[in-house]
Each structure stands twice: as structure tokens, then as C-alpha cells.
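As you go down the protein sequences, you meet chains A and B in turn. Position 99 of the first sequence, counting from 1, maps to 99 under full-length UniProt numbering, and the rest follow consecutively. Position 173 of the second sequence, counting from 1, maps to 173 under full-length UniProt numbering, and the rest follow consecutively.
Hints may be right or wrong, so weigh each one.
Some residues of chain A that are not near chain B, with every Cβ distance over 10 Å (derived) [unchecked claim]: (1) Pro71; (2) Gly72; (3) Arg208.
In the DMTMM-like style, the derived pairs of lysine to aspartate or glutamate whose C-alpha atoms are separated by at most 25 Å in a straight line are [claimed, not checked]: (4) B:Lys421 <-> A:Glu341; (5) A:Lys198 <-> A:Glu4; (6) B:Lys425 <-> A:Asp112.
If you are wondering where the hints come from, they were derived from the structure by calculation, not from laboratory data. Built from N, CA and C at the ideal position, the CB exists for glycine as well.
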Amino acid sequence: MKLELRGITKRFGSLVANDHIDLVIQPGEIHCLLGENGAGKSTLMNVLYGLYQAEEGDVLLDDVVQHFAGPGDAMRAGIGMVHQHFMLIPVFTVAENVMLGHEQTGVAGKLDLDAARAKVREISARFGFHVDPDALVGDLPVGVQQRVEIIKALSRDAQVLVFDEPTAVLTPQETDELMTIMRQLRSEGTSIVFITHKLREVREVADRITVIRLGKVVGEASPTASNSELAALMVGRAVELTVHKETARPGAASLVVRNLDVIDPLGLKVVNNVSFEVHEGEILAIAGVQGNGQTELTEAILGLQPRVTGDITLNGEKLTGLSVRKILNAGVGFVPEDRTEDGLVGEFTIAENLMLDRSDAPPFVRRGNLQLGYLAEFAQEKKDEFDIRAQSITTMAGRLSGGNQQKVVLARELSRDLKLFVASQPTRGIDVGSIEFVHKRMVETRDAGIPVIVVSTELDEVVALADRIAVMYRGSIVGIVPGNTPRDILGLMMAGENPTGVAA
Amino acid sequence: MTTTTAEESVSASLETATIKSWKAPIAYAIFTLIAIVLFVVNGRDGSSRFRLSSEADLIQLPVIDAPTRLTCVVVVVLLLAITAYATWLSSQAKRVPLWLTIIFAAAFMWAFLTWAAAGESIPITGLLLGTVALSAPLIFGALGGVISERVGVVNVAIEGQLLAGAFLSAFVASVTGNPWVGLIAAMVAGVLVSFLLAAFSIKYLVDQVIVGVVLNVLVAGLTSFLYTTVLTSNTPLFNSPPRFPRISIPILSEIPILGPVLFRQTVIIYFMYVAVIVVWWALFHTKWGLRLRAVGEHPQAADTVGIKVNATRFWNVALAGAIAGFGGAYFTLGSVGGFTKEMTAGAGFIALAAVIFGRWDPIRATLAALLFGFATNLQNVLGAIGSGVPSEFLLMLPYVVTIFAVAGLVGYVRGPAASGKPYIKA
Chain A
1 MKLELRGITK RFGSLVANDH IDLVIQPGEI HCLLGENGAG KSTLMNVLYG LYQAEEGDVL
61 LDDVVQHFAG PGDAMRAGIG MVHQHFMLIP VFTVAENVML GHEQTGVAGK LDLDAARAKV
121 REISARFGFH VDPDALVGDL PVGVQQRVEI IKALSRDAQV LVFDEPTAVL TPQETDELMT
181 IMRQLRSEGT SIVFITHKLR EVREVADRIT VIRLGKVVGE ASPTASNSEL AALMVGRAVE
241 LTVHKETARP GAASLVVRNL DVIDPLGLKV VNNVSFEVHE GEILAIAGVQ GNGQTELTEA
301 ILGLQPRVTG DITLNGEKLT GLSVRKILNA GVGFVPEDRT EDGLVGEFTI AENLMLDRSD
361 APPFVRRGNL QLGYLAEFAQ EKKDEFDIRA QSITTMAGRL SGGNQQKVVL ARELSRDLKL
421 FVASQPTRGI DVGSIEFVHK RMVETRDAGI PVIVVSTELD EVVALADRIA VMYRGSIVGI
481 VPGNTPRDIL GLMMAGENPT GVAA
Chain B
1 MTTTTAEESV SASLETATIK SWKAPIAYAI FTLIAIVLFV VNGRDGSSRF RLSSEADLIQ
61 LPVIDAPTRL TCVVVVVLLL AITAYATWLS SQAKRVPLWL TIIFAAAFMW AFLTWAAAGE
121 SIPITGLLLG TVALSAPLIF GALGGVISER VGVVNVAIEG QLLAGAFLSA FVASVTGNPW
181 VGLIAAMVAG VLVSFLLAAF SIKYLVDQVI VGVVLNVLVA GLTSFLYTTV LTSNTPLFNS
241 PPRFPRISIP ILSEIPILGP VLFRQTVIIY FMYVAVIVVW WALFHTKWGL RLRAVGEHPQ
301 AADTVGIKVN ATRFWNVALA GAIAGFGGAY FTLGSVGGFT KEMTAGAGFI ALAAVIFGRW
361 DPIRATLAAL LFGFATNLQN VLGAIGSGVP SEFLLMLPYV VTIFAVAGLV GYVRGPAASG
421 KPYIKA
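Put together the whole structure using the sequences plus the hints.
Laid out in C-alpha cells, this is it:
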């Protein structure tokens, strides 16, 4: 089926998310929509899917203008979508999720689960998915959940399939498998829209590439274009794709973690017997697919996890068992993975956020009173130093873009006297300019002789920053390898395999 | 391909560690201590009799006659043994099973009844019969609560729905002289309260708990006002509803103990049996139920498969109101026979507790409501036979049971994920 978007404009208040976007997707092609976070890719697809109503423009299928009042209409017209955040109900089984919205019923309105199971099995068999129709979706690994999303779309006879940032949650191997599935779908005549900001994937699978920036189509590119060409198109200027850093000159082991276990409320060992060291002046990257214990590990270092056994010492001083306050005072800086949830108070100003973890002592507080004059000076200085783009220091943190929010967090943490810096997903969901800035500051921190831990699920980031890489899988460290380890080996390690010949 | 590894669930493959929980043994120990102080140290002499059938029954069961002090001591020893067993389980980092708690609670209740009935006789059938009857509004209210919360709207307004149902059913049944019309009016009243709840919480995104509380106050005020101005102005015309008679179901009602308890009831109770089964079945086995639960768990996912989230919520909240309103009719058409000010007396809140205690499941919520109904009726029966238990304590009983049940036994449970959260589309 041929899909055409003609002059789509979508506004949110004064913000123009999509500005007269034209796009044609031919039958049986994989069309990549490339753009930064916030460029308007997802908005465009939500318009296509009937979740948003566009102010101007038309959606055409096989040259017929469509009017979608909701996703139901879009689905009936043959459009399916695999969402970035899966639209699956975790407490339902696979079959229930697949049938939801177009249920077949039998006597007295009883759900015909057998028909749904058969459908799941049929589509699974076609693509070699091995999905159990009776498994609870919440129990399945994300890679399998994504397949359930695909099955869901295909069970409605989707002719056009939209994949919205599908690889964000996958291991490199799962990503490869997804690419295979996409090609298989294409050969069956399905048109595919593949939304991403990852250049590597685009070049591997796309038939055509459309680049979007700030809500506008800025150009088309062919899959043979180079990474830097694509990046320049996406960002609007030449981009440094590599992080400049000198060879690390690691000093003494500073943070020592020995036999660390973290137990969750259900009694599961989410971190299992983890031991590693971080030296002064080196960046240790912790790689792995989301949800393999990285979050809990960093929280354990910060004293945020209640059930921890094992030892964590920083420069010989024991951190386990200390309160978060004392750990911060010991010189640990922390960038949490969810900045809006744990990193900032959205309803506080930039200035207030900059002193959040120093509210107990001078210079910010004297005799119980906030030192507002000092705070204003300090905040202005940090705003300039960290290039926080906001009207003033009294702007609410929640109103900033992701990149600027992250700079506020970074400014707060790096302005203390640090002995250790832990950054979880420091560049998730922020623009390329901010990513460059964050990376630069991390390397500077390292060069100042501070041990740095970076937790990232993005292999690109891990490879760019790390002096050494620890790969986590199901709560354990699979291995610790040098920073120049090839990606395919890292990919295997992220799936839990420890390739022989890799020095731990 | 890594499909084999992908098929395993991540959580299933993690190693487990043991977490010891001392909650159950500590709770048991406290209750055992209370039992020792009350039933042994403060024990009573004489004998306690339990009547299992009434004179009218076809099959007569013998009266159980138990020596009070001896029975109490034996049961307290049993309680001690259970506590010791639970302590051992916890020390081994094993979970204390639910059935143990049930046995413990039953044994404690047995000792309490024996102690309270020293020198008296307790009609067991009467106790249970009243339990079912008093649970009726709780069960209807809880069913309304389950539906409403499952679809994603917190229903604190059950109390208001019950009260509105009670009021309108009394009025309409009195004026028309037909209790069936009164039943329909009760449902209409519940739906009207629901419409307000739904409109404010779904359309205007007001905090659902606050809307619910305000609605309760509104209905209480409105019905009290109309009661004094309208109903009492001409009680025979406006507030003398005909009541539903008790109907004995042939054969079934002659089953010992269960028969009189379950099958000599008014038609409202029979509707209740049907409602519980139908709601349970429909919730988990029909398209309606699947969509309803989807909307309450993950509204956005429901939206993306073409389910109209807010319409689904609106009409199911209305349905919940109809069911709760129906329960309100029990007060006027089933038991009391006339409306009085604030006659629901907190039943809606107990129903809300039953929803949570029953983990948003119609059957479990019904069992929870029966437990609360039992506690209420125990208070009535013990008051009636004049056992030496202070009446103030007896009045507390249903609420004490509720607090212990919800706080102690349930603790943290996971409700419908999107309950209480309005669905806002961009």
C-alpha cells in the first residue's frame, strides 16, 4: 500500500511540532525517518495513526484521502504501529493483548481465546518468533514483547507498519534480528516506516531516508550516505561523532566494590555477586541492556537500596550502610537515569535545583535560612559555565528541554568536591549538541583525576567514552574488557555470553 | 538466533535470596496474648451453647454444649501452637501461608464466641443469616467499586450511591406502592451520582478521591434535607415503602445450616448471588471485561487499539453506580422498611475496604464483604443475648476487623495500574 503524507502541520500551543511535512512511502519499501529527539518524528506518526489530529494536511493511502478520528480508523485502513513504549497490557496474556480491540466472541459473549491463540501461533510460525500465546506479557523480556507488538499489528492485516524507535530497548543481536524481520516483512509487500536517530541502523536497512529537523523535512538521503553526512543533515551542522580524549592515565584504585548483592522486595538478586574497581582518572562504562541490574547497582553505591550485602569502599572508606547524605558528603556525585523523576524537581527553579543536595549546610543555608543572594550568584555562574539555555535562573526546571535539564543536573553534581562521579544514562533523550557537551564534561572530570562510572545502554556512547567496559547481564558482570573491544564481542556479552579469549 | 534465551523470562532466571518477614508471627503473638488475658486470665465459668438449627427446620441438628473455661484453654493452646509454628516458619525464611491465618482467625473467633456466650446460647443460623443480609449492601457496593476501579476511576462515592439508592427507592416505592419500581429507582439514583463522579473526574479531571468525598457529603446533605422537608411531611404516603417478602426456595432451604442462611432471603439477596457471578464471569471472560480491564490498566494501549477510553470509563462508572444504588435499596426495601437520615452509616466505606481486601476481584471482594457483615452481625447477636461484653466494644467490632483485615492481612497489593489517573489525550 502506498502511503502519502501531504503538508502535515501539527501545533502544540505555540510550538510547531510538524511544519508542512510531505512524505511518500512506496509499497514494499523500508523508509527511514531520521531525526533527533524532539524533531517531531513521533508526533508525525501519531498524526498518521490517528492519535493526534493535524491542523493542516492530509493522509493518503493509495491516493485516497483518509480521515482518522482515532487509532481504530487507522488500523482498519491497514496502518499498524510498533510503539516506542510498548502498548501492551502487562497483566494480560499475549493472546489477550493481541485480540484486544477486535475480539472474537462465542456463546454469551464469551471471549474466543482459542481463535486468538491460533492467530498468535500462525503469525509466530510465519516469522519464527516462538511466542507462547498464554504467557503473561509482563513476564516476557522486552525483545519478545516487541514481537508481540508486531504480531498485534499483523493480526490486524497491517499493510503499513510503523516502527517508532524500536531498537532503543534491544541488544545488538536482537536489533539484527529485528532488521531481518523488517526485510522479511518488506518482501511480503508491507511498507515499513522506521523511525530512529541511530545512523548505523538507518544505513543498514533503509531503502530511502528522510531527515527531519525541528519539525521540517530537511532532506532525503540515500542509504549509501556516510555517517557524518547523515549526522550533519540531522543536526544542521557538522558534528563530531567521536569524543576527543587523551589516553587515560589511571591512578590508584579508588572505588572498590566486592561481592555486592542487591535483593529486591520479591527476594530476587537483581545485582548478583558483583566485584569491580574504578581507578582515579579512568572512565569505567557499565554496558548492558536496560533492566539487567545497572540501575540497582548505581543506587546501591548511592545508598538508595535497602537490601545490600557486600562491600563498597571509596578510597578505603566504607560506603555500605551509610545514609545517602553521608555518601554524598563523602564526595559521590550522581546523575540518575531518569532526570525528570529523580534528578530534578520540575516545579523548582534552575537555581533551586542547583542547590538541591546541599540544603543542609553553608554556603547555601546559614542558621536555617536560604542564602538567596549567594544562590543567585552561584546559579548564574553555573548557568554560564554549563551553557544552560534558559531565560533566567528562575525558569522552572520542568520547562527546559531535556538537554538543558541534564546540564542542570550535571552542573549541580560537578560543582561539588567529588571523589567519585556516577552517571546513569547521561545522554538519554537529549539533543546531539548537549550530548557533545555532556561527553566533554565527563572526559574533563576524568582528566581531573576523578574516577567516573558511566552506565549506558547505548553501545555508541559506551565505546566513545570508556577506558574499560563492564558488561552486565541478569544482575552479574559478564566480564570487564578494555575500551577498544569490538562491538560484536560487546554485543555477545550483552546477551550473556562471555566469549573466550576476553580478559576479564 | 537467540530465541531460546529470549523465551526465558528475565525474572525467572535471577537467583533468589531469602528475606525474613516477622509480620505474621508478631501479629499472631499479639492476638494470642489478648486471648490469654481475655479468655483464660479473665475467663468465665459455665457452659456455652451453640444452636445449629431453629425449630422450624425440617432437619434438626443437636445443640452443641461446650464448657466455657475448658474450651477457651484448649483453643488458646491451639493459638500458641500456631504462633510457634509461624515463628518457626519465619525463622526458616518461609512464607506464613494464608490458610494458617484463616485457621488462626477462626480459632480466635471460636474462643471469643465461647467466652462471650458463657451461660448463654448463640443461634449460629441466625448469626449467619444476618451476616448474609447485612453483607448485601456491602457486596453490591463492592461490586460497584470493583467495576469502577477496574476501569480506572476510584470510587469513593459508593457511600453516596448506596444512600441515594436507599432514598429514592423508599420514596418511589412508597408513592407507587410497588417495590420493583423502587428497585429501578434505586439504580437510577446510583447512576445519577455516578454521572457526577464520571463527569467531574473524566471530563474535568478533578481529583477522583476529592470528587467522591464531596459527593458523599452532597448526597448525605441532600437526602437529609429532603427527608425532613418531604418524607416526614407525609410519612404514610412518601416513606412507607412496601418491603420484599422473604422467599424460601423449596428443597434448597432445607439443607442444614446453609439452607436457611442462603435460601430464605428476599429477592434482593437472590439478585445479589446472580450479580456476583455475572460480574465475575463477565469481567474475566467477555469482551466487555477485557476492554474494561485494559482501560483501567493501560488506557493508552487501549486507545491505540481503537477502544474509546473515556466513553468506556463513563458508562462503566455509570453501571457501577447502578449496582451500588441497587444495594442501597436493600436498606429500605429489604430490611428497615423506610428511609432515615444517613441510614447507610458508613457501609460504602466498608465496601471500599472490601474492594481492596478482595484485591479488585468480585468473588474475593464478596468474601471480604461477608467477613465485615459477619462482624457487624456478631455485634447485633451478642448485644441481643446480653453477653457481658461491653456494648461500646461490640460497636467497634466491624471497624476493628476492617482495619486489621486491610492493614494487617493485605498490606501492599497492586490495584489496576491506571486507577485514579485521568486519561488525557494531547
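Verification of the supplied hints:
Not every Cβ of chain B is farther than 10 Å from the Cβ of Pro71 of chain A; the closest lies at roughly 5 Å, contradicting the non-interface assignment. Gly72 of chain A, annotated as away from the interface, has a beta carbon of chain B within 10 Å; the closest lies near 2 Å. For Arg208 of chain A, the condition that its CB be more than 10 Å from all CB atoms of chain B holds, with the nearest at approximately 26 Å. Restraint check: the Cα-Cα separation between Lys421 of chain B and Glu341 of chain A comes to about 18 Å, which is no more than 25 Å; the hinted pair holds.
Taken as a hint, the Lys198 of chain A and Glu4 of chain A pair is honoured in the structure, with Cα atoms around 24 Å apart against an allowance of 25 Å. With a C-alpha separation of about 31 Å, the suggested pair Lys425 of chain B and Asp112 of chain A falls outside the 25 Å cut-off, and the hint is violated.
Going through the hint list in order, the structure does not satisfy hints 1, 2 and 6.
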